[in-house]
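J.: Residue numbers (numbering that gives the first Met the number 0), protein chains in the order written: chain A, 0 to 263; chain B, 0 to 329.
Source of the hints: derived by calculation from the structure; they are not laboratory data. Check each hint, because a few of them may be wrong.
Said to hold, decoys possible - Listed next, the stretches of chain A that the computed footprint assigns to chain B, with coverage defined by at least 3 CB atoms under 8 Å from CB atoms of chain B: (1) 107-114; (2) 225-233.
What the hints assert, rightly or not - A few chain B residues that face chain A, going by a derived Cβ cut-off under 8 Å, partial list only: (3) K1; (4) G21; (5) S24; (6) R28; (7) G29; (8) T72; (9) L202; (10) L205; (11) Q212; (12) A214; (13) F215; (14) G224; (15) R264.
As the list claims (entries may be wrong) - A short list of chain A residues far from chain B (calculated; beta carbon distances all over 12 Å): (16) T12; (17) L52; (18) E73; (19) P82; (20) R125; (21) H148; (22) G157; (23) D182; (24) R189; (25) V241; (26) I256.
Treat the numbers as computed from the prediction; the structure is a model and nothing was measured. Don't be surprised by glycine CBs; every beta carbon is placed ideally from N, CA and C.
If you want the building blocks of each chain, they are given just below.
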Amino acid sequence: MTLRLSNLSFSYTEGVRVIAQLSLEVKRGELVMLLGPNGSGKSTLLRLAAGLLPAREGSVEWDGRELRHYSRRERARKIAFLPQHVESIHVHTVRETVGLGRYPYLGSWGRPGEADLEEVELAMQRTEVTALASRTLFELSGGERQRVHLAAALAQGGELLLLDEPTASLDLHHQVRFLSLLDVLAREGRAVLCATHDLNLAAAFASRVVLLQCGECVAEGDPAEVLKEPLLREVYGDGLWVGAHPAGDRVVVLPAIPRGKERP
Amino acid sequence: MKRLFLLALFCLVVLLMAPFLGSTSIDVRGALFDLLHGAHSPRGQILLLRAPRILLGLLAGGSLAVAGAVFQTLLRNDLATPYTLGVSFAGALGAFLALSIPGLAFAIGPLSSVTLFAFLFAVIDVGVLYLLSRRGRSLDTNELLLAGVTLNFFFGAAILLLRFLSDPFRLRAMDHWMMGGLEVGGMSALSPLPVILFPALLLVALQAGALDQLAFGEELANSRGVDVESSQTICLLSASALTAAVVAVTGPIGFVGLLAPHAARRVLGPAHRRLLAGSFLLGGGFLVLADTITRSMTLAGRGAELPVGVLTAIVGAPLFLVLLLKARGR
Chain A
0 MTLRLSNLSF SYTEGVRVIA QLSLEVKRGE LVMLLGPNGS GKSTLLRLAA
50 GLLPAREGSV EWDGRELRHY SRRERARKIA FLPQHVESIH VHTVRETVGL
100 GRYPYLGSWG RPGEADLEEV ELAMQRTEVT ALASRTLFEL SGGERQRVHL
150 AAALAQGGEL LLLDEPTASL DLHHQVRFLS LLDVLAREGR AVLCATHDLN
200 LAAAFASRVV LLQCGECVAE GDPAEVLKEP LLREVYGDGL WVGAHPAGDR
250 VVVLPAIPRG KERP
Chain B
0 MKRLFLLALF CLVVLLMAPF LGSTSIDVRG ALFDLLHGAH SPRGQILLLR
50 APRILLGLLA GGSLAVAGAV FQTLLRNDLA TPYTLGVSFA GALGAFLALS
100 IPGLAFAIGP LSSVTLFAFL FAVIDVGVLY LLSRRGRSLD TNELLLAGVT
150 LNFFFGAAIL LLRFLSDPFR LRAMDHWMMG GLEVGGMSAL SPLPVILFPA
200 LLLVALQAGA LDQLAFGEEL ANSRGVDVES SQTICLLSAS ALTAAVVAVT
250 GPIGFVGLLA PHAARRVLGP AHRRLLAGSF LLGGGFLVLA DTITRSMTLA
300 GRGAELPVGV LTAIVGAPLF LVLLLKARGR
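Looking at chain A on its own, in the form it has when it is part of the complex (with noise of 0.2 Å):
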């Protein structure tokens, strides 16, 4: 099962492309990050692959169907979309957070099931999050709330996963966590598709990273061919630095300014 980007663009207001010609595939299994400066294009990739805007020009696909022969409970079965800020206006436990993810299988009462229920369950123990489950969400820290998010998404059955800088609020213990998991639940044959500003986290985890400039793919490929110098100058501008990690399977972006000299 392949998610496949083929040609694709799309424009907010017209004449200006977010999206420009850009072709892509995520296999089960894989853990892609997709890198770029702000404004590069990435949640809007994230959103038109989601099913979220519609792809006027080229085309996106879910095990070789287009996602618009999709109904949208079908879709929201195959792909689970988790947002850059997800938050409620009311109080909510982590239980009933993760049964939301549950919707597309409930009928129009809204009544889970059995199955339902042990799905939720699943899913709180993949994220170990079951002892929190009688917590309300206001109660929680950064990182335990995103492994309540990616709960609420498992529980919704994706076998595809999209993900809007998930760990952009966490310190780096809680993204490590959080990334082990992506990468475990590609490992056990989901597609994960998500987008980061950490190009250090990237070349951790990511088994192919695809870089965005102003819409289109710029690189694409192992994070250790992707993340050279001076493509990344030209693409962040200067300021960057990239060297071997100590372990010496990949490699390491810092930036590239002396300590307390003039800065640019």
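Mind docking chain B on chain A? Use the hints.
T.: Just chain B, lined up with the frame of chain A:
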């Protein structure tokens, strides 16, 4: 389920007690005996007179509470009430026109021109809002809220103008309507109400799952398979229909639509499947209870009862503050 059952029990107890309490207390056993044996005794007649008013209290309080719960989620605003989008002021303008222009005093069947004009203006308000906030198939809820608040101001100003131009002798009737009350002339006057309320309540109930998702934002709801555009439209039109129908019959009764959903959410949690049912029971029970109290009160020097809308606001506001403080302490 147990908590929902307790709310149903509260509502049932209020409904069973209410007919026997009021300015004249009735002997329960005697009145029931008279009614069952077809005897035309005063106590039996009083019971029959009170029944439509109690039924109206249940339907009006319950519907306002459900509309409040829907608007809070739909507009993603905890302070939203059934009247936030201007339905009550629009209804009031319609009612005031019927009250101030002598040629507009008529009735069609059980419906007075005041009720008809109030409903018509409330529907116009919602229609204008719907057209203003539509973007293709979808609704812009921010624009809906802004346009609603603006229309509220407009109708408020129009009401003041109408009052200024009106015959001073008619102002008292206008004031009384504006305070909200459950005085109703028999069951026949109530008969058109369920025609609007029941379908609207059913439509809202069928959106319970979608409302749960909309609480987390339109994007996530869409990704989980909610048809966001049609859910928002159904919820807006149904909750507005509930409000317009109730306001047309009772006038604006304050605070039930704000207090009951918040209280129900604290007792039952945020899932709309239970919340909507709980809000109806709590709102209906609360309004019948408030009305029973106003019917039992004798105001010194006044021949009339205190309008129930005044009591719900006076009691409701402190209760809401208590809820707020408790939520902060959690």
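J.: Against this structure, judge whether each hint is valid.
T.: Against the structure, the hints:
{"no.": "1", "hint": "107-114", "result": "holds (count 4)"}
{"no.": "2", "hint": "225-233", "result": "violated (count 0)"}
{"no.": "3", "hint": "K1", "result": "violated (16 Å)"}
{"no.": "4", "hint": "G21", "result": "violated (38 Å)"}
{"no.": "5", "hint": "S24", "result": "violated (42 Å)"}
{"no.": "6", "hint": "R28", "result": "violated (41 Å)"}
{"no.": "7", "hint": "G29", "result": "violated (44 Å)"}
{"no.": "8", "hint": "T72", "result": "holds (7 Å)"}
{"no.": "9", "hint": "L202", "result": "violated (10 Å)"}
{"no.": "10", "hint": "L205", "result": "holds (5 Å)"}
{"no.": "11", "hint": "Q212", "result": "holds (6 Å)"}
{"no.": "12", "hint": "A214", "result": "holds (5 Å)"}
{"no.": "13", "hint": "F215", "result": "holds (5 Å)"}
{"no.": "14", "hint": "G224", "result": "holds (3 Å)"}
{"no.": "15", "hint": "R264", "result": "holds (7 Å)"}
{"no.": "16", "hint": "T12", "result": "holds (14 Å)"}
{"no.": "17", "hint": "L52", "result": "violated (10 Å)"}
{"no.": "18", "hint": "E73", "result": "violated (8 Å)"}
{"no.": "19", "hint": "P82", "result": "violated (5 Å)"}
{"no.": "20", "hint": "R125", "result": "holds (19 Å)"}
{"no.": "21", "hint": "H148", "result": "violated (9 Å)"}
{"no.": "22", "hint": "G157", "result": "violated (9 Å)"}
{"no.": "23", "hint": "D182", "result": "holds (23 Å)"}
{"no.": "24", "hint": "R189", "result": "holds (16 Å)"}
{"no.": "25", "hint": "V241", "result": "holds (35 Å)"}
{"no.": "26", "hint": "I256", "result": "holds (36 Å)"}
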